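Engineer: Read top to bottom, the protein sequences are chains C and G.
Quick note on numbering: this note's numbering labels position 206 of the first sequence as 206, and the sequence is numbered without any gaps.
Quick note on numbering: this note's numbering labels position 101 of the second sequence as 101, and the sequence is numbered without any gaps.
Just so you know, the hints here were simulated from the structure itself, not pulled from any lab data.
Since the structure is predicted, the reported quantities are computational estimates derived from the model, not experimental observations.
Any given hint could turn out to be false.
Each pair may be met inside one copy or between any two copies, as identical chains are not told apart.
[As the list claims (entries may be wrong)] Derived SDA-like pairs: lysine to any residue, alpha-carbon spacing no greater than 25 Å straight-line:
1) Lys-429 x Glu-450
2) Lys-320 x Arg-344
3) Lys-133 x Thr-159
4) Lys-453 x Leu-368
2 protein chains.
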Amino acid sequence: MAEKITKRETDYSQWYLDIIKAADLAEHSDVKGCMIIKPYGFAIWEKMKDALDKRFKETGHSNAYFPLFIPKSYLSKEASHVEGFAKECAVVTHYRLKVDENGGGIVVDPKAKLEEELIVRPTSETIIWSSYKKWIQSYRDLPILINQWANVVRWEMRTRLFLRTTELLWQEGHTAHATKQEAIEETEKMLDVYAEFAEEFMAMPVVKGIKSENERFAGADETYCIEAMMQDGKALQAGTSHFLGQNFAKAFEVKFTDKAGKLDYVWATSWGVSTRLMGALIMTHSDDLGLVVPPKLAPIHVAVVPIFNNEEQLTQIKDKLSNLLADLRSKGLTVKFDDDDQKRPGWKFAEYEVKGVPVRIAVGLRDLENNQVEVARRDTQEKKSYSLDGLADNIVALLDDIQKNLFEKALKMRNDSIKKVDSYDEFKKRLESEGGFFAAHWDGTKETEEQIKTDTKATIRCIPLDAVEEEGTCMVTGKPSKRRVLIAKAY
Amino acid sequence: MAEKITKRETDYSQWYLDIIKAADLAEHSDVKGCMIIKPYGFAIWEKMKDALDKRFKETGHSNAYFPLFIPKSYLSKEASHVEGFAKECAVVTHYRLKVDENGGGIVVDPKAKLEEELIVRPTSETIIWSSYKKWIQSYRDLPILINQWANVVRWEMRTRLFLRTTELLWQEGHTAHATKQEAIEETEKMLDVYAEFAEEFMAMPVVKGIKSENERFAGADETYCIEAMMQDGKALQAGTSHFLGQNFAKAFEVKFTDKAGKLDYVWATSWGVSTRLMGALIMTHSDDLGLVVPPKLAPIHVAVVPIFNNEEQLTQIKDKLSNLLADLRSKGLTVKFDDDDQKRPGWKFAEYEVKGVPVRIAVGLRDLENNQVEVARRDTQEKKSYSLDGLADNIVALLDDIQKNLFEKALKMRNDSIKKVDSYDEFKKRLESEGGFFAAHWDGTKETEEQIKTDTKATIRCIPLDAVEEEGTCMVTGKPSKRRVLIAKAY
Numbered sequence: 001m002a003e004k005i006t007k008r009e010t011d012y013s014q015w016y017l018d019i020i021k022a023a024d025l026a027e028h029s030d031v032k033g034c035m036i037i038k039p040y041g042f043a044i045w046e047k048m049k050d051a052l053d054k055r056f057k058e059t060g061h062s063n064a065y066f067p068l069f070i071p072k073s074y075l076s077k078e079a080s081h082v083e084g085f086a087k088e089c090a091v092v093t094h095y096r097l098k099v100d101e102n103g104g105g106i107v108v109d110p111k112a113k114l115e116e117e118l119i120v121r122p123t124s125e126t127i128i129w130s131s132y133k134k135w136i137q138s139y140r141d142l143p144i145l146i147n148q149w150a151n152v153v154r155w156e157m158r159t160r161l162f163l164r165t166t167e168l169l170w171q172e173g174h175t176a177h178a179t180k181q182e183a184i185e186e187t188e189k190m191l192d193v194y195a196e197f198a199e200e201f202m203a204m205p206v207v208k209g210i211k212s213e214n215e216r217f218a219g220a221d222e223t224y225c226i227e228a229m230m231q232d233g234k235a236l237q238a239g240t241s242h243f244l245g246q247n248f249a250k251a252f253e254v255k256f257t258d259k260a261g262k263l264d265y266v267w268a269t270s271w272g273v274s275t276r277l278m279g280a281l282i283m284t285h286s287d288d289l290g291l292v293v294p295p296k297l298a299p300i301h302v303a304v305v306p307i308f309n310n311e312e313q314l315t316q317i318k319d320k321l322s323n324l325l326a327d328l329r330s331k332g333l334t335v336k337f338d339d340d341d342q343k344r345p346g347w348k349f350a351e352y353e354v355k356g357v358p359v360r361i362a363v364g365l366r367d368l369e370n371n372q373v374e375v376a377r378r379d380t381q382e383k384k385s386y387s388l389d390g391l392a393d394n395i396v397a398l399l400d401d402i403q404k405n406l407f408e409k410a411l412k413m414r415n416d417s418i419k420k421v422d423s424y425d426e427f428k429k430r431l432e433s434e435g436g437f438f439a440a441h442w443d444g445t446k447e448t449e450e451q452i453k454t455d456t457k458a459t460i461r462c463i464p465l466d467a468v469e470e471e472g473t474c475m476v477t478g479k480p481s482k483r484r485v486l487i488a489k490a491y
Numbered sequence: 001m002a003e004k005i006t007k008r009e010t011d012y013s014q015w016y017l018d019i020i021k022a023a024d025l026a027e028h029s030d031v032k033g034c035m036i037i038k039p040y041g042f043a044i045w046e047k048m049k050d051a052l053d054k055r056f057k058e059t060g061h062s063n064a065y066f067p068l069f070i071p072k073s074y075l076s077k078e079a080s081h082v083e084g085f086a087k088e089c090a091v092v093t094h095y096r097l098k099v100d101e102n103g104g105g106i107v108v109d110p111k112a113k114l115e116e117e118l119i120v121r122p123t124s125e126t127i128i129w130s131s132y133k134k135w136i137q138s139y140r141d142l143p144i145l146i147n148q149w150a151n152v153v154r155w156e157m158r159t160r161l162f163l164r165t166t167e168l169l170w171q172e173g174h175t176a177h178a179t180k181q182e183a184i185e186e187t188e189k190m191l192d193v194y195a196e197f198a199e200e201f202m203a204m205p206v207v208k209g210i211k212s213e214n215e216r217f218a219g220a221d222e223t224y225c226i227e228a229m230m231q232d233g234k235a236l237q238a239g240t241s242h243f244l245g246q247n248f249a250k251a252f253e254v255k256f257t258d259k260a261g262k263l264d265y266v267w268a269t270s271w272g273v274s275t276r277l278m279g280a281l282i283m284t285h286s287d288d289l290g291l292v293v294p295p296k297l298a299p300i301h302v303a304v305v306p307i308f309n310n311e312e313q314l315t316q317i318k319d320k321l322s323n324l325l326a327d328l329r330s331k332g333l334t335v336k337f338d339d340d341d342q343k344r345p346g347w348k349f350a351e352y353e354v355k356g357v358p359v360r361i362a363v364g365l366r367d368l369e370n371n372q373v374e375v376a377r378r379d380t381q382e383k384k385s386y387s388l389d390g391l392a393d394n395i396v397a398l399l400d401d402i403q404k405n406l407f408e409k410a411l412k413m414r415n416d417s418i419k420k421v422d423s424y425d426e427f428k429k430r431l432e433s434e435g436g437f438f439a440a441h442w443d444g445t446k447e448t449e450e451q452i453k454t455d456t457k458a459t460i461r462c463i464p465l466d467a468v469e470e471e472g473t474c475m476v477t478g479k480p481s482k483r484r485v486l487i488a489k490a491y
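Using the sequences and the hints, build the whole thing.
Structural biologist: Okay, here's the thing in structure tokens:
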């Protein structure tokens, strides 16, 4: 606690790291690029998991578990997939250590070399489709709607806590369908689930869209995404849902007999979100005072800080508040009554502020005499006296209001960040000075996309699903374009 | 479905595998020793996880997440730990693949060799204690009560689904304490949590005990365990809780300042249960007809099979039952109403039987005219007519009864399997002919323990916590002994 937090305008990257440290969310481990998710950070991730898992099950999916390891040859089976994933990955080559005969401590036993190297999964399409091959014969075996919560490893050279780590936690849905149409519907349905989760739970507005070919998942026919805008004007891809066509079915020879008795390849989707969402959450709402957590994802909803000088006063306050605490808890809220006598109230206020606890109640004997408590909301820092009468209901309403307010604030920020530009010069200038999303016409070619990236480091984040059809000309080449795409620098 | 299940008395090992296949719980993957946990199996594991996780949190623990990889040198820091774990493990030596210039496909890039090899965690004491070192300075930082749900890898040569797999899912608790006493209390508390879970949720009676030195966890001062008895007379270690003393604190130099200002090493515990419990569950209750799942862990509590000849009849049955289904669901039960018109009722009955669904309701129009349904319980295969009046409450009571009955049946089997023996010859003979637990006197030496193992393949499963003090003589050496220990062949 009392960690100094760098101001956003001074050094945004440092602010981000300071928040993570001060709120005790995560830290680097001794293993390069791998993070330790600390209990408070993990509690937020668990809330995310629970909410998503519930929605996955409501939409007909089941969880399962596939191996951590993938035989090297599997990665090569889908041509573009291996391009995208085989490069930077952890390779298991041996299965035993031994004591060095020359006193060199513990060494790899050269006799225990694997015949075929195993890759620590960077994503599981290949190992899962090699199983689906055994599970699918007929249309009666379809659809398969499976999700898995797992760790994956991508050997990242430059890492940043939550946003880009060598090992990350995620969920990956892998579905198999009898028709193209059904697979596309699934892809879009899961994109909606992600968008709904982002907006309703994370209070983070997102743009639903489709990736350009360059930014597509390695092995997909189409990648759908949700894109969010961070406070520094950089975009963040918060989730992706891929229509995989018949690519993996062809790579793994997965055919089924349809109702008419005809053999065909199976249609596939995959979709995932990861601990990266933690980074998105932090950067959407937090301020220079610390973390801000939307009530629906808060590990602690209400922190109650009694103000007391001695044990007797504490007992009086406890007695008087016991009904309130029980009431709040019966409404499903997590309440922390902080009666630690080793720490002063001011210290506690700062602690709950930096951890982003949505509501803090301070209460002393005088308050109780007046039948009231002081309630502070984290989002606006507003403090107000509340009567003890009907307090639990009022706190529930306040939490709803905080959730809504956080979304509206983020939505305004996001909407303000979107600007139409028609000139490449204006785009380049404003990209540097303002950041944000730029809605611009693009001629649809890889070459132009790459030029924009080379010139500015910005990328086409997506072609929004709700893009209006309008005649225009590409801001770079002047060639015709039918709709605007969103361009931004991104995490 | 309609997979043939080998009878237990014909071939117990095959019966076990047949159950797993027929109930669609898991299967081998293409990666040696790694299993795929299929949706129905995973749903049972999720129920186990949820129940355990709740108890961990109720006892003050938080979840966190530590890296998958452990630097090789860390394993060596605790001397007996490396002995136990460094031998058979997956070693990551490289972090990149590349396209072979000589057309050999994708190969390991020799330039991407790690300076220090990484071990895929077989257990996380070392990586966690290297973090605790940074987190602990004073008694105020203690206790640390952390649990993690994770995958671990132990390179097993001979594997068996759920019971012994190269990759397994588990939870591992890792706690740090200021005093020896507190650490021992934690070790015992978590053993109690495991025992309570095993008996109340899995309906599997366990013996709480302490391991002999030979069977102790590598790095522990004392290993507590819960031991269960399977239907074939072999014991199964279902969970362990380790008092680690100051071993890991010393290995990683983790000291704290106590209240008096004195520096001391921190005291530690660790405790874990794994997907092995799935094997234990299967072998405790299942029969020659298929899986039997105790209601508290059942993914589906009640399967309702309507008997109909046409759409109209189905609609009538549905209408009539809609209140019942809503009632059952409002009581927290998972109900499957199986109106699939492609499968016959008999096929469905067999399917729910083999999957161990605790209660199956069959209902046709004639039943409804009589205001009744047919209810079959999986544990006893008993069928009975129940009135629709008050049916939901009666089903809840029936499920309670099934849960209790399964425990009592397993308890009787377990208790019957325990026999006192005083002669080594009698022990050896009955071990082969009857199996089970043998309560015998042992002189407490490693040598005798090893002799028993060499002679019979049986091991000392534990010294029961409730062992009665009694003077006796070791059945092998005749030396004095103060209490009986439990000896059995084990999984």
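Engineer: Each hint should be assessed against the structure and marked as holding or not.
Structural biologist: How the hints compare with the structure:
In this assembly of identical chains, the alpha carbons of Lys-429 and Glu-450 lie at most 25 Å apart only when taken from the same copy (18 Å versus 79 Å across copies). For the homomeric pair Lys-320 and Arg-344, the shortest alpha-carbon distance inside one copy (21 Å) is at most 25 Å, but the shortest distance between copies (63 Å) is not. With identical chains, the CA atoms of Lys-133 and Thr-159 are at most 25 Å apart between copies only, with a shortest distance of 23 Å across copies and 36 Å within one. In this assembly of identical chains, the alpha carbons of Lys-453 and Leu-368 never lie at most 25 Å apart, being 61 Å within a copy and 70 Å across copies at closest.
The earlier numbered hint that this structure contradicts is number 4, and it is the only one.
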